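Colleague: Here is how the chains run, residue by residue.
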Amino acid sequence: MARHLLRTSLQYGAVLFAAIVLNFALPRLAPGDAIDYLLPPEQAGALTPEQRTAVLDRFGLDDAVPEQFRRYVTGIARGDLLVSVRFGRPVTSLLRERVGWTLLLVGGALALSTLIGAALGFRSAWRRGTRADTGTLGAVMFLDALPPFFVGMMLLLAFSVGLGWFPSYGAVSATDEQGLQLVLEVLKRAVLPMATLTVAGLGPMYLIARSALVSELQEDYVLMAEAKGLSDRQVRRHAARNALLPVSTVALVGLGTLVGGAAVVESVFSYPGLGRLIYESVLARDYPVLQGAFLLLIVTIVIANLLNDLAYPLLDPRVRKRRS
Amino acid sequence: MTLAEVDPQRATAGTGRGPGPSEVADRLRRGRAPRGAGRTMAIIGAGLVAACVLVALLAPWIAIHSPTEPSGTPFARPSSAHPLGTNDVGQDLFAQLVFGARVSLVIGLGAAAVALVVGGLVAVVAGYYRGPIEAVLMRLVDLMLGFPFLVLVIVLAAFFGRGLWTTIAVIATVLWARPARILRSQVLKLRELDHVVAARAMGASGLWVMGRHILPRIAPLGAAQFVRAANVAVTLEASLAFLGLGDANRLSWGTMLYFANARSAFLTDAWRWWVAPAGLALTTVILGLAFLSYAIEEWADPRLRRPAPRPVRRRALPPLAESAEDAPALELSGLVVDYRLAGSAIRAVDEVDLVVHRGRILGLVGESGSGKTTIALTVAGVLRPPARVVAGTLALAGRELGRPARPVVAPFRGRQVALVPQAAMNALNPAYPVLAQLVEAARLTRGAAEATTRATELLERVGLPASRHRSFPHELSGGMRQRAVIAMALVNDPALLVADEPASGLDVVTRAQVLKLLLELRDQMHLGVLLVSHDLPTISRLADDLAVMYAGRIVERGPAAQVSSSPKHPYTRALFSAFPALHGERRPLASLPGEVPDLTRVPEGCRFGPRCPDAVEECRTGDPALEDVGSGGHEVACLLRRTP
Numbered sequence: 001m002a003r004h005l006l007r008t009s010l011q012y013g014a015v016l017f018a019a020i021v022l023n024f025a026l027p028r029l030a031p032g033d034a035i036d037y038l039l040p041p042e043q044a045g046a047l048t049p050e051q052r053t054a055v056l057d058r059f060g061l062d063d064a065v066p067e068q069f070r071r072y073v074t075g076i077a078r079g080d081l082l083v084s085v086r087f088g089r090p091v092t093s094l095l096r097e098r099v100g101w102t103l104l105l106v107g108g109a110l111a112l113s114t115l116i117g118a119a120l121g122f123r124s125a126w127r128r129g130t131r132a133d134t135g136t137l138g139a140v141m142f143l144d145a146l147p148p149f150f151v152g153m154m155l156l157l158a159f160s161v162g163l164g165w166f167p168s169y170g171a172v173s174a175t176d177e178q179g180l181q182l183v184l185e186v187l188k189r190a191v192l193p194m195a196t197l198t199v200a201g202l203g204p205m206y207l208i209a210r211s212a213l214v215s216e217l218q219e220d221y222v223l224m225a226e227a228k229g230l231s232d233r234q235v236r237r238h239a240a241r242n243a244l245l246p247v248s249t250v251a252l253v254g255l256g257t258l259v260g261g262a263a264v265v266e267s268v269f270s271y272p273g274l275g276r277l278i279y280e281s282v283l284a285r286d287y288p289v290l291q292g293a294f295l296l297l298i299v300t301i302v303i304a305n306l307l308n309d310l311a312y313p314l315l316d317p318r319v320r321k322r323r324s
Numbered sequence: 325m326t327l328a329e330v331d332p333q334r335a336t337a338g339t340g341r342g343p344g345p346s347e348v349a350d351r352l353r354r355g356r357a358p359r360g361a362g363r364t365m366a367i368i369g370a371g372l373v374a375a376c377v378l379v380a381l382l383a384p385w386i387a388i389h390s391p392t393e394p395s396g397t398p399f400a401r402p403s404s405a406h407p408l409g410t411n412d413v414g415q416d417l418f419a420q421l422v423f424g425a426r427v428s429l430v431i432g433l434g435a436a437a438v439a440l441v442v443g444g445l446v447a448v449v450a451g452y453y454r455g456p457i458e459a460v461l462m463r464l465v466d467l468m469l470g471f472p473f474l475v476l477v478i479v480l481a482a483f484f485g486r487g488l489w490t491t492i493a494v495i496a497t498v499l500w501a502r503p504a505r506i507l508r509s510q511v512l513k514l515r516e517l518d519h520v521v522a523a524r525a526m527g528a529s530g531l532w533v534m535g536r537h538i539l540p541r542i543a544p545l546g547a548a549q550f551v552r553a554a555n556v557a558v559t560l561e562a563s564l565a566f567l568g569l570g571d572a573n574r575l576s577w578g579t580m581l582y583f584a585n586a587r588s589a590f591l592t593d594a595w596r597w598w599v600a601p602a603g604l605a606l607t608t609v610i611l612g613l614a615f616l617s618y619a620i621e622e623w624a625d626p627r628l629r630r631p632a633p634r635p636v637r638r639r640a641l642p643p644l645a646e647s648a649e650d651a652p653a654l655e656l657s658g659l660v661v662d663y664r665l666a667g668s669a670i671r672a673v674d675e676v677d678l679v680v681h682r683g684r685i686l687g688l689v690g691e692s693g694s695g696k697t698t699i700a701l702t703v704a705g706v707l708r709p710p711a712r713v714v715a716g717t718l719a720l721a722g723r724e725l726g727r728p729a730r731p732v733v734a735p736f737r738g739r740q741v742a743l744v745p746q747a748a749m750n751a752l753n754p755a756y757p758v759l760a761q762l763v764e765a766a767r768l769t770r771g772a773a774e775a776t777t778r779a780t781e782l783l784e785r786v787g788l789p790a791s792r793h794r795s796f797p798h799e800l801s802g803g804m805r806q807r808a809v810i811a812m813a814l815v816n817d818p819a820l821l822v823a824d825e826p827a828s829g830l831d832v833v834t835r836a837q838v839l840k841l842l843l844e845l846r847d848q849m850h851l852g853v854l855l856v857s858h859d860l861p862t863i864s865r866l867a868d869d870l871a872v873m874y875a876g877r878i879v880e881r882g883p884a885a886q887v888s889s890s891p892k893h894p895y896t897r898a899l900f901s902a903f904p905a906l907h908g909e910r911r912p913l914a915s916l917p918g919e920v921p922d923l924t925r926v927p928e929g930c931r932f933g934p935r936c937p938d939a940v941e942e943c944r945t946g947d948p949a950l951e952d953v954g955s956g957g958h959e960v961a962c963l964l965r966r967t968p
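Protein chains in written order, with our numbering: chain A, 1 to 324; chain B, 325 to 968.
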């Protein structure tokens, strides 16, 4: 167990390290001068050669690359992620402000899409080959083929603009609600973006749940469960118990997809999360924020993967043995 | 080992391969299977993608206006001149939609192609050369797969710019890892194939082996990965463009939606001609590619298209006939089972009669593909599509059930007829402790406390030490698992036990113990046992009666002592002489030329005729039926019917 934990940690450590290296390298590798990625364009263009040197000095860009990297890494370790070009504030505090909203959307959507997707997928697998299965399969694949931002726009159109049920933008209203009122307001405004992301995450979940259960149903232990006289419901439970493994793994891949989807969906709903911050930073060429957000997302996903790895033995007794 | 495997001269046979459940499965794997949703999806998917490609190719002829030059008043509603109206600068939206297909498709397909080439190269190099190169490459792949695609693409695109080629490169950068991972595992399998190993051993260069043996074989899988990558790439391009990171000079559908969103077009009714068409166009391509990719996946994994058995409701058992205690555990007559394939049906079991008395073991013997496992599954009530019971009647312990279709037998599973399936070592659910799996079955006929008592009792009776009752299956040896499965089958006191190769996969000593256990249980529990095996010499020592199957028919049956001391059918004789005898004089091992016939093309006359060493002219036309030879119910289906 300990050895496995060590190996997994090392692997994820490598992912993290790669992300940091990438972050460090991008402004230096990208076409143009690194300064263009650190200062707003109008400022960068107006610099005199002396000022340029001063800026290079301030960001440590005139040092040798290893020295630059050392300083970059120790900066990250201290929680120092440079300063936003657009807001003139430390990137860390900006991220702290936005990350909660994205957690709400992505967490909710991940839970919903996993539950709905797995339930539908298991149902389909059990009835594979019937009209109900083919119909569900086609419908889910259609939903999955709709680009998330298009789904968002259509939902916005139908439920905000058309029916007026939900506000069309933002996470809280301008007026100052308190307590329960605030909670309701927040939920109301989260419904549409969360629904959009749920639709985006549903397809892969459904497909993997379906094919996992189909393949479990061909196993010998299912034949035995039937032969010993169990009801269909009991037989299905036997197979579903084992089909949960791949489903839990895909839920994590889904996390990555949903975080990406959030970047797009939040910009449709003007939702003040991390995704919208990324979007705005791209448009404003606010590269320090972009890099900080990227790093934060990677850290989140690495942690989620680590948690999944730790939870895996709970689902599969065979792994419990192999690792101990 | 089956005769076909023993036989070194199989090339001399004029017939093809014969199907049994396993070989039918083989055939399904090769693609002649019942049609699933995949076929329809392949057609629809190809149609959708083809339509988009066609629009992209013919764009200049379809669109009247230029997509980039203003050709009307800004925000014009749809008219005959502008079918979808114009945007905020007066550009024709229909032209943008039509030309947008080009950019979306070029980027989607282009990125997928680059990703496939890079991924394929990594796969071949890693899989073929192994060693440290592979370790490094595969770590890199794991790393790439861990990154969130879209965010990485956004960051890369933000830094590297928005041109067409940059976008393709950026998207390919995040997509190559998946094909690499999947193709590599295929390369690993291929490089160990006999002829590839041989080519390498003879000193063929790596490049030659790859080009000649490896690349052609991974091409289909590569095609599947290409379609999948294209699907993701189109979505990624659209998302990038929607965020304003597309090539501003080349409009794609995503870019159209970006401008629509930036101008809040969807807050007015302009969304109907500005937002909806572009969104639906994207959906069309993505859905088409998704359907194609699913169809390929289903084609590669036939399990996905095998239909489910019909659901079964458990019912109370109908009353026993009068003299039930003395009735045979199993009476089967006229059983016909077909495997339904796309165009044809294979008759795996053809007019078979069997009787198993309580307290006796009937050994059902034949090569793989002879239909014996199909009979076992039918009797146990667990036969699955595409197999179908066409005719026959079944009686279990005196209860007449009629045609033994799955739902008919299902209510009796466990309580009248129990099954120890092939590879019984794998018949335990890995997720639950052994005792729990027995208790679950015992609960069907008694309360919780009693069920635990009963399960423990059975496990002890088959000799599983009490300390292992609560173990998980993977913590037990093969022999222990086998015993646990036998105990599980018997927990509800069935009259008939169907055991399909119950000792396969075990070492010799354990096998003997398991078979001895079966004998004991037969006596203790007054069981009728249908023992299915290909190992005639072993079974003939164990069974009370024998039935020998060939190509879906019983060719000889009778008391085990008589059949083994004087086998009448040439096939039975061949089965006996294909195995060395421990006692008696040494004889050369005979092997049987040819193979079980292809049941889609059953030979005329005697089915065994083409392989029979003694066949005469008459055997080509006459189809022999079982007839008495000697006393005690010894029957044989052979026109020669002569004593050796």
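Be aware that one or more of the hints could be misleading.
Claimed, not checked - Okay, the calculated bits of chain B under chain A, using three or more residues with CB under 8 Å as the criterion:
| id | segment |
| --- | --- |
| 1 | 503-516 |
| 2 | 542-549 |
| 3 | 567-576 |
| 4 | 693-706 |
| 5 | 935-946 |
Unchecked claim - Chain B side only, calculated, beta carbon under 10 Å to chain A, not exhaustive:
| id | residue |
| --- | --- |
| 6 | Ala375 |
| 7 | Ile610 |
| 8 | Leu841 |
Unchecked claim - From the derived model, a few chain A residues whose C-beta atoms are all more than 12 Å from chain B:
| id | residue |
| --- | --- |
| 9 | Leu29 |
| 10 | Arg78 |
| 11 | Ser93 |
| 12 | Ala119 |
| 13 | Arg127 |
| 14 | Arg128 |
| 15 | Gln178 |
| 16 | Gln234 |
| 17 | Ala239 |
| 18 | Leu258 |
Just so you know, the hints here were simulated from the structure itself, not pulled from any lab data.
Quick caveat, the model's predicted, so the values are computed rather than measured.
Beta carbons are placed, not taken as given, at the ideal position from N, Cα and C, and that holds for glycine.
Colleague: Hint by hint, say whether it matches the structure.
Modeller: Each hint, compared with the structure:
no.: 1; hint: 503-516; verdict: violated (count 0)
no.: 2; hint: 542-549; verdict: violated (count 0)
no.: 3; hint: 567-576; verdict: holds (count 3)
no.: 4; hint: 693-706; verdict: holds (count 3)
no.: 5; hint: 935-946; verdict: violated (count 0)
no.: 6; hint: Ala375; verdict: violated (14 Å)
no.: 7; hint: Ile610; verdict: holds (4 Å)
no.: 8; hint: Leu841; verdict: violated (18 Å)
no.: 9; hint: Leu29; verdict: violated (8 Å)
no.: 10; hint: Arg78; verdict: holds (23 Å)
no.: 11; hint: Ser93; verdict: holds (21 Å)
no.: 12; hint: Ala119; verdict: holds (17 Å)
no.: 13; hint: Arg127; verdict: violated (6 Å)
no.: 14; hint: Arg128; verdict: violated (5 Å)
no.: 15; hint: Gln178; verdict: holds (31 Å)
no.: 16; hint: Gln234; verdict: violated (7 Å)
no.: 17; hint: Ala239; verdict: violated (9 Å)
no.: 18; hint: Leu258; verdict: violated (9 Å)
When each numbered hint is compared with the structure, violations occur for hints 1, 2, 5, 6, 8, 9, 13, 14, 16, 17 and 18.
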